[in-house]
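Residue numbers (this note's numbering), protein chains in the order written: chain B, 647 to 755; chain Y, 640 to 753.
There may be inaccurate statements among the hints.
What the hints assert, rightly or not - Beta-carbon label-pair distances, calculated as ranges: (1) M658/Y - R750/B: 25 to 35 Å; (2) R704/B - G737/Y: 18 to 28 Å; (3) I706/B - S706/Y: 37 to 47 Å.
Hints in this document: simulated from the structure, not taken from any laboratory.
Ideal Cβ positions, reconstructed from N, Cα and C, are used throughout, including at glycine.
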Amino acid sequence: KNEVEQSPQNLTAQEGEFITINCSYSVGISALHWLQQHPGGGIVSLFMLSSGKKKHGRLIATINIQEKHSSLHITASHPRDSAVYICAVRWSRAQKLVFGQGTRLTINP
Amino acid sequence: NAGVTQTPKFQVLKTGQSMTLQCAQDMNHEYMSWYRQDPGMGLRLIHYSVGAGITDQGEVPNGYNVSRSTTEDFPLRLLSAAPSQTSVYFCASSIFVGGVYEQYFGPGTRLTVT
Numbered sequence: 647k648n649e650v651e652q653s654p655q656n657l658t659a660q661e662g663e664f665i666t667i668n669c670s671y672s673v674g675i676s677a678l679h680w681l682q683q684h685p686g687g688g689i690v691s692l693f694m695l696s697s698g699k700k701k702h703g704r705l706i707a708t709i710n711i712q713e714k715h716s717s718l719h720i721t722a723s724h725p726r727d728s729a730v731y732i733c734a735v736r737w738s739r740a741q742k743l744v745f746g747q748g749t750r751l752t753i754n755p
Numbered sequence: 640n641a642g643v644t645q646t647p648k649f650q651v652l653k654t655g656q657s658m659t660l661q662c663a664q665d666m667n668h669e670y671m672s673w674y675r676q677d678p679g680m681g682l683r684l685i686h687y688s689v690g691a692g693i694t695d696q697g698e699v700p701n702g703y704n705v706s707r708s709t710t711e712d713f714p715l716r717l718l719s720a721a722p723s724q725t726s727v728y729f730c731a732s733s734i735f736v737g738g739v740y741e742q743y744f745g746p747g748t749r750l751t752v753t
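Make a model of the complete structure from these sequences and hints.
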């Protein structure tokens, strides 16, 4: 069992829909990252969370430390949001990141 | 700042050949790492370094060597390439700020071993 589980693995939606991607992890963490990777592209860090909620444009990331769960939301989704979204956690007192397998999001016009 | 740079972007090797993937960062980050990304596997840590002169193995170190002679550079060496090393390789650096590590990724190197 992967220590970091993402769901769903694949998600296809229509332009304008509200998108939610989930990430669960197994032990205490110092931080959680949401990353974005476009097809054939590099990896961009979207958010780094240790508690609460962060918002950047149409993207919102939340984390519940007690439940060991984080969500990434996209409002008013657009085809350019099509990418793989990766959750990564840094265990408490560790420098290394552990990655989820990613969620492939496709937004159709 | 150029951030994290990687060269080359693409590379094709024959089995048994050796090569070095270059990684550099100009942000004075102490922590650098190499990952490989394979379909269905997510990103896996190959080697990492917590500062110049210090390296350690990650999750999948076999077949790879690293060195860290300067803060800026962290090259990854494949001594004798194998088809199982066909992958996309990402270099990353991070810095401890405000109690957490901020992570920066390079653009990746797509390696094919035939």
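Do the hints match the structure? See the list:
1. M658/Y - R750/B: 25 to 35 Å: holds (30 Å)
2. R704/B - G737/Y: 18 to 28 Å: Since the Cβ atoms of R704/B and G737/Y sit about 25 Å apart, the hinted range of 18 to 28 Å holds.
3. I706/B - S706/Y: 37 to 47 Å: Check passed, 41 Å falls within 37 to 47 Å.
No hint from the list above goes unmet by this structure.
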